[in-house]
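A.B. asks: So the chains spell out like this:
Number of protein chains: 2
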Amino acid sequence: RPRVLFFPSRPSCTEALLAEAAGLRTTARPCPCPLPRVDSSLSRLLRHLLSARRSLEICLFAFSSPQLGRAVQLLHRRGVRVRVVTDAQYMGLPGSQIGLLRHAGIQVRHDQEDGYMHHKFAVVDRRMLITGSLNWTTQAIQNNRENVLVVEDAEYVKPFLDEFERIWEEYNPI
Amino acid sequence: RPRVLFFPSRPSCTEALLAEAAGLRTTARPCPCPLPRVDSSLSRLLRHLLSARRSLEICLFAFSSPQLGRAVQLLHRRGVRVRVVTDAQYMGLPGSQIGLLRHAGIQVRHDQEDGYMHHKFAVVDRRMLITGSLNWTTQAIQNNRENVLVVEDAEYVKPFLDEFERIWEEYNPI
Ligand SMILES: [Zn+2]
Ligand SMILES: [Zn+2]
Numbered sequence: 001r002p003r004v005l006f007f008p009s010r011p012s013c014t015e016a017l018l019a020e021a022a023g024l025r026t027t028a029r030p031c032p033c034p035l036p037r038v039d040s041s042l043s044r045l046l047r048h049l050l051s052a053r054r055s056l057e058i059c060l061f062a063f064s065s066p067q068l069g070r071a072v073q074l075l076h077r078r079g080v081r082v083r084v085v086t087d088a089q090y091m092g093l094p095g096s097q098i099g100l101l102r103h104a105g106i107q108v109r110h111d112q113e114d115g116y117m118h119h120k121f122a123v124v125d126r127r128m129l130i131t132g133s134l135n136w137t138t139q140a141i142q143n144n145r146e147n148v149l150v151v152e153d154a155e156y157v158k159p160f161l162d163e164f165e166r167i168w169e170e171y172n173p174i
Numbered sequence: 175r176p177r178v179l180f181f182p183s184r185p186s187c188t189e190a191l192l193a194e195a196a197g198l199r200t201t202a203r204p205c206p207c208p209l210p211r212v213d214s215s216l217s218r219l220l221r222h223l224l225s226a227r228r229s230l231e232i233c234l235f236a237f238s239s240p241q242l243g244r245a246v247q248l249l250h251r252r253g254v255r256v257r258v259v260t261d262a263q264y265m266g267l268p269g270s271q272i273g274l275l276r277h278a279g280i281q282v283r284h285d286q287e288d289g290y291m292h293h294k295f296a297v298v299d300r301r302m303l304i305t306g307s308l309n310w311t312t313q314a315i316q317n318n319r320e321n322v323l324v325v326e327d328a329e330y331v332k333p334f335l336d337e338f339e340r341i342w343e344e345y346n347p348i
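The listed protein sequences derive, respectively, from chains U and H.
The numbering of the first sequence is my numbering, which starts it at 1 and goes up by one.
The numbering of the second sequence is my numbering, which starts it at 175 and goes up by one.
Isolated chain U (complex conformation) (with noise of 0.2 Å):
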């Protein structure tokens, strides 16, 4: 399994992957769109999500895609601990997936600060760690060049859950 993933993704078509991992049958209804059902820079790391079994941590400058947002949805759903980290700056633009995963009831927290939050990571069961150049927006899948890397080494696991741990505690609405 490759360890690096590379953007902009090859299309391909990731239905079949997200109504798999929902528990609902292909077979019957395949998607009609004309994408590939191929493997892709995309369908990889909806994988390495998916595979998720008890938490999730998100810490996401930008969230907009509708296969990630759905990903993310889907294992809240699934009983998994998911808690989002985002940058209030983005979080309101047009697209965002923010509102949708709080309206799904999924635990999110926002900066105060000047700065920007523009971390682009998430933690899967708090032993592979995923981070890179990119943020979960369709304009950065489809269109810009990126990189993702999927580490399951403590070294570099372990600072990442401490640095969410830190900025979820700073964030800290109350």
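The set of hints was computed from the structure by calculation and includes no laboratory data.
One or more hints might be untrue.
Stated by the list, open to error - Short derived list, chain H residues pointing at chain U, Cβ under 7 Å:
#: 1; residue: ARG177
#: 2; residue: VAL178
#: 3; residue: HIS292
#: 4; residue: SER307
#: 5; residue: ARG319
#: 6; residue: GLU337
#: 7; residue: PHE338
Ideal Cβ placement from N, Cα and C applies to all residues, glycine included.
Given the coordinates of chain U, assemble chain H with the ligands onto it according to the supplied hints.
C.D. replies: Just chain H with the ligands now, kept in the frame of chain U:
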């Protein structure tokens, strides 16, 4: 040595570090600025870069930090083969280091694409990958929540080197 650097960086004076790397005596005329001479994420990032002996590939969306610009020029003067890839949209903005690097004789290529060249990585001596969310700007270094990973595992370094070479060829203006 920490393998992950977080930002904003603690404010610190990097003059002695840069002067020493340039082969200047620093004891004779210490920097008059009031910043403490302590280790910081910025000084650690500089030290990793300044460890280059043969080659430095840089692939950056935005590059405006004067300290990091000086470090790169210093390596070029020291005979390190420096190549820079950057994004056309950002390159012309005020404060960009790209013009200064070109003026110093460093090879720079930029995209001619619609999407952003959004990578933020460097490879030192084909063995050390420096990558993360951080653009090399003073704003990001001083004010943003950012991360930088330092990785020497070939499983990660090699794909980034290959990506650099792909982009380098693709952006060849000839
Ligand atoms: Zn489809
Ligand atoms: Zn100083």
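A.B. asks: Does each hint fit the structure? Answer for all of them.
C.D. replies: Now the hints, each set against the structure:
1. ARG177: holds (6 Å)
2. VAL178: holds (4 Å)
3. HIS292: holds (4 Å)
4. SER307: Given a least distance of 5 Å, the restraint on H:SER307 holds.
5. ARG319: Interface hint status for H:ARG319: holds (5 Å vs cutoff 7 Å).
6. GLU337: At 6 Å from the nearest chain U Cβ, H:GLU337 passes the 7 Å test, so the hint holds.
7. PHE338: Result: violated, 11 Å to nearest chain U Cβ.
Of the numbered hints stated above, the single one contradicted by the structure is hint 7.
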